[in-house]
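Colleague: Heads up: the protein sequence lines correspond to chains L and D, in order.
All you need for our numbering is the position in the first sequence, starting with 1, plus 26.
All you need for our numbering is the position in the second sequence, starting with 1, plus 863.
Hints are computed from structural coordinates only; laboratory data are not their basis.
Be careful, since some hints might not be right.
To be verified - Partner residues are not named here, just some residues of chain D that face chain L (Cβ under 7 Å, in silico):
#, residue
1, Trp870
2, Leu874
3, Gly917
4, Tyr964
5, Ser968
Claimed, not checked - Label pairs and their in silico Cβ distance ranges:
#, chain 1, residue 1, chain 2, residue 2, range
6, D, Gly890, L, Ile77, 32 to 40 Å
7, D, Thr973, L, Ala40, 15 to 23 Å
8, L, Asp126, D, Glu885, 14 to 22 Å
9, L, Gly79, D, Pro877, 47 to 55 Å
Said to hold, decoys possible - Below, simulated DMTMM-like cross-link-like pairs (lysine to aspartate or glutamate); rule was C-alpha separation at most 20 Å, straight line:
#, chain 1, residue 1, chain 2, residue 2
10, L, Lys127, D, Glu922
11, L, Lys103, L, Glu34
12, D, Lys942, D, Glu885
13, L, Lys84, L, Asp111
14, L, Lys75, L, Glu90
15, L, Lys127, D, Asp934
Cβ coordinates follow ideal geometry from the N, Cα and C atoms, glycine included.
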Amino acid sequence: AQSVAQPEDQVNVAEGNPLTVKCTYSVSGNPYLFWYVQYPNRGLQFLLKYITGDNVVKGSYGFEAEFNKSQTSFHLKKPSALVSDSALYFCAVRHPFNTDKLIFGTGTRLQVFP
Amino acid sequence: SQTIHQWPATLVQPVGSPLSLECTVEGTSNPNLYWYRQAAGRGLQLLFYSVGIGQISSEVPQNLSASRPQDRQFILSSKKLLLSDSGFYLCAWSIGTGDSYTFGSGTRLTVV
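Use the sequences and the hints to build the structure in full.
Modeller: The structure is reproduced here in structure tokens:
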């Protein structure tokens, strides 16, 4: 089955430290991968996406993600966390056969402490 | 520019009452439209999607239905709400290439 996994329910990091939010996927073919962020009681905001090309993609708010085909991963990273980065982060993959559909992970709550 | 509108932002409805949530998109034509539900502030579940007027695909059996009466309008409905219908409902749109999805601001539905 096509799926995406976020193994951590919550990630805690001190402000100023680097952060990583993990995502692995299991889909056939070449994946389209996405990261979204959700602040409390808000819709999802697009952060970045990988479709093709460079394995490291840069997105909004200083975030980046690295596509690793051998490890089937697409981890989200930021070199220096801010308290304002605290939110719920979703990894997603476009369904390889039904390309109208987006499959989401269960989300990882990022908590950045001052 | 393209925008997506979703309303209402919050809704409290009694069990057994009907439901109608509306989503409209501006600035694009023939978008794919989606309804997602987020329970307990976590995972997102795709409920319905539509690739054109009158074309609705249902992902999970449930107490809800969806309709697309116009190209850029997507409606989520129920004839009789259940307590389990409570949640945060998100509308989204994409263009057919599937590499860009935009979400509305969501509706928090509480069934009491």
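Colleague: A separate judgement is required for each hint: does it hold in the structure or not?
Modeller: Each hint, compared with the structure:
Residue-level restraint check for tryptophan 870 (chain D) is violated (minimum Cβ-Cβ distance to chain L is 12 Å; threshold 7 Å). About 13 Å separates the beta-carbon of leucine 874 (chain D) from the nearest beta-carbon of chain L, more than 7 Å, and the hint is not met. A least Cβ separation of about 16 Å between glycine 917 (chain D) and chain L goes past the 7 Å threshold, and the interface hint is therefore violated. Among the interface hints, the one on tyrosine 964 (chain D) holds; its C-beta lies about 6 Å from the nearest C-beta in chain L, closer than the 7 Å criterion.
Hint status for serine 968 (chain D): holds, given a least beta-carbon distance of 4 Å to chain L, under 7 Å. Between glycine 890 (chain D) and isoleucine 77 (chain L) the beta carbon distance is about 22 Å. The supplied range of 32 to 40 Å is therefore violated. Threonine 973 (chain D) and alanine 40 (chain L) have their C-beta atoms about 36 Å apart, which leaves the hinted 15 to 23 Å range violated. Range check, aspartate 126 (chain L) to glutamate 885 (chain D): about 21 Å between beta-carbon atoms, so the 14 to 22 Å window is met.
Under the hint 47 to 55 Å, the C-beta atoms of glycine 79 (chain L) and proline 877 (chain D), about 52 Å apart, fit the expected range. A distance of roughly 10 Å separates the Cα atoms of lysine 127 (chain L) and glutamate 922 (chain D); the hinted pair therefore holds under the 20 Å criterion. Restraint check: the Cα-Cα separation between lysine 103 (chain L) and glutamate 34 (chain L) comes to about 14 Å, which is no more than 20 Å; the hinted pair holds. The straight-line distance between the Cα atoms of lysine 942 (chain D) and glutamate 885 (chain D) is roughly 15 Å, inside the 20 Å bound, and the hint therefore holds.
Distance hint between lysine 84 (chain L) and aspartate 111 (chain L) is fulfilled; the C-alpha atoms sit about 16 Å from each other, no more than 20 Å. For the proposed pair lysine 75 (chain L) and glutamate 90 (chain L), the alpha carbon gap of about 9 Å is at most 20 Å, so the pair holds. At roughly 18 Å between alpha-carbon atoms, lysine 127 (chain L) and aspartate 934 (chain D) fall within 20 Å of each other, so this suggested pair holds.
This entry does not satisfy hints 1, 2, 3, 6 and 7, going by the numbered hints stated previously.
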